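Novice: Residue-level listing of the chains:
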Amino acid sequence: KAGVTQTPRYLIKTRGQQVTLSCSPISGHRSVSWYQQTPGQGLQFLFEYFSETQRNKGNFPGRFSGRQFSNSRSEMNVSTLELGDSALYLCASRPPGAGMSKNIQYFGAGTRLSVL
Amino acid sequence: AQKVTQAQTEISVVEKEDVTLDCVYETRDTTYYLFWYKQPPSGELVFLIRRNSFDEQNEISGRYSWNFQKSTSSFNFTITASQVVDSAVYFCALSDTPGANNLFFGTGTRLTVIP
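Chains as they are written, first to last, in the working numbering: chain A, 1 to 116; chain B, 1 to 115.
The set of hints was computed from the structure by calculation and includes no laboratory data.
Mixed in with the good hints there might be a few duds.
To be verified - Quick list of simulated restraints, FRET-style, between CB atoms:
1) S79/A <-> I114/B: 41 to 47 Å
2) T53/A <-> V13/B: 44 to 50 Å
3) E56/B <-> F60/A: 33 to 39 Å
4) R63/B <-> T38/A: 28 to 34 Å
5) Q17/A <-> V13/B: 42 to 48 Å
6) E17/B <-> T53/A: 47 to 53 Å
7) R9/A <-> K3/B: 28 to 34 Å
8) E15/B <-> N56/A: 40 to 46 Å
9) S12/B <-> S70/A: 47 to 53 Å
10) R63/B <-> G84/A: 35 to 41 Å
Stated by the list, open to error - If we take Cβ atoms under 8 Å as the criterion, some of the chain B residues that face chain A in the derived model are:
11) Y33
12) S42
13) G43
14) E44
15) L45
16) F47
17) R50
18) F91
19) N101
20) N102
21) L103
22) F105
23) T107
24) G108
Said to hold, decoys possible - SDA-like, lysine to any residue: derived pairs with alpha carbons at most 25 Å apart:
25) K38/B <-> G58/A
26) K38/B <-> T7/A
27) K3/B <-> Q41/A
28) K3/B <-> Y106/A
29) K57/A <-> V46/B
30) K57/A <-> I104/A
31) K57/A <-> E44/B
32) K38/B <-> Y10/A
Source: prediction; values computed, not measured.
Cβ coordinates follow ideal geometry from the N, Cα and C atoms, glycine included.
All chains, please: the whole structure from these sequences, using the hints.
Specialist: Below, the structure is given as structure tokens:
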């Protein structure tokens, strides 16, 4: 079974531009979460989508947005990029259903975004 | 508010030594979930273990073991007979949602195993 796939792996953008990152969850997983990892702030939760609806949101400005498609694939968008947005963006998916074995997030390798 | 503290920023051990990674958490919830993830240089977070707040049973998986103590709000991780492949950054995380879909991470501990 393929893992969580994130594309692209690396991106270089300049300040003021916008960027879209893509995440394909593990087959059958319907919940997708996004995290930002920076040396200064560590790993921080951005948002979570389930069945095309945002269910939870972290403490990030409105420049950070996301969406989920009917096939559970998710995209996140950052508009008006700032230098501080340089980070590793990680996507995670979770199996459907309840129970201990379901409440585990599986992560992709991330997209490393550099803002110049 | 939730908080996870990993006081050890970096640890270096010689191969075959045992090493314990500390994790202290704070939460007001009575039901919560604790996790350990490993992040190798490739960047992907690899799930290691999950614990529910109502299950304090310690767990051993091969060379890995976890000690969960609610009385001290700690969830420590021990690697026995460390190997070079264990070199990575290890994160402890906490979630208070039933689906554990919102993880609060500690700052991580970088473990280097020297051959």
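Novice: Each hint needs a verdict: does it hold in this structure or not?
Specialist: Tested hints:
no.: 1; hint: S79/A <-> I114/B: 41 to 47 Å; verdict: 45 Å, holds
no.: 2; hint: T53/A <-> V13/B: 44 to 50 Å; verdict: 46 Å, holds
no.: 3; hint: E56/B <-> F60/A: 33 to 39 Å; verdict: 34 Å, holds
no.: 4; hint: R63/B <-> T38/A: 28 to 34 Å; verdict: 31 Å, holds
no.: 5; hint: Q17/A <-> V13/B: 42 to 48 Å; verdict: 44 Å, holds
no.: 6; hint: E17/B <-> T53/A: 47 to 53 Å; verdict: 48 Å, holds
no.: 7; hint: R9/A <-> K3/B: 28 to 34 Å; verdict: 32 Å, holds
no.: 8; hint: E15/B <-> N56/A: 40 to 46 Å; verdict: 41 Å, holds
no.: 9; hint: S12/B <-> S70/A: 47 to 53 Å; verdict: 48 Å, holds
no.: 10; hint: R63/B <-> G84/A: 35 to 41 Å; verdict: 39 Å, holds
no.: 11; hint: Y33; verdict: 6 Å, holds
no.: 12; hint: S42; verdict: 6 Å, holds
no.: 13; hint: G43; verdict: 5 Å, holds
no.: 14; hint: E44; verdict: 4 Å, holds
no.: 15; hint: L45; verdict: 4 Å, holds
no.: 16; hint: F47; verdict: 6 Å, holds
no.: 17; hint: R50; verdict: 6 Å, holds
no.: 18; hint: F91; verdict: 7 Å, holds
no.: 19; hint: N101; verdict: 5 Å, holds
no.: 20; hint: N102; verdict: 5 Å, holds
no.: 21; hint: L103; verdict: 6 Å, holds
no.: 22; hint: F105; verdict: 4 Å, holds
no.: 23; hint: T107; verdict: 5 Å, holds
no.: 24; hint: G108; verdict: 7 Å, holds
no.: 25; hint: K38/B <-> G58/A; verdict: 23 Å, holds
no.: 26; hint: K38/B <-> T7/A; verdict: 21 Å, holds
no.: 27; hint: K3/B <-> Q41/A; verdict: 13 Å, holds
no.: 28; hint: K3/B <-> Y106/A; verdict: 21 Å, holds
no.: 29; hint: K57/A <-> V46/B; verdict: 23 Å, holds
no.: 30; hint: K57/A <-> I104/A; verdict: 18 Å, holds
no.: 31; hint: K57/A <-> E44/B; verdict: 22 Å, holds
no.: 32; hint: K38/B <-> Y10/A; verdict: 21 Å, holds
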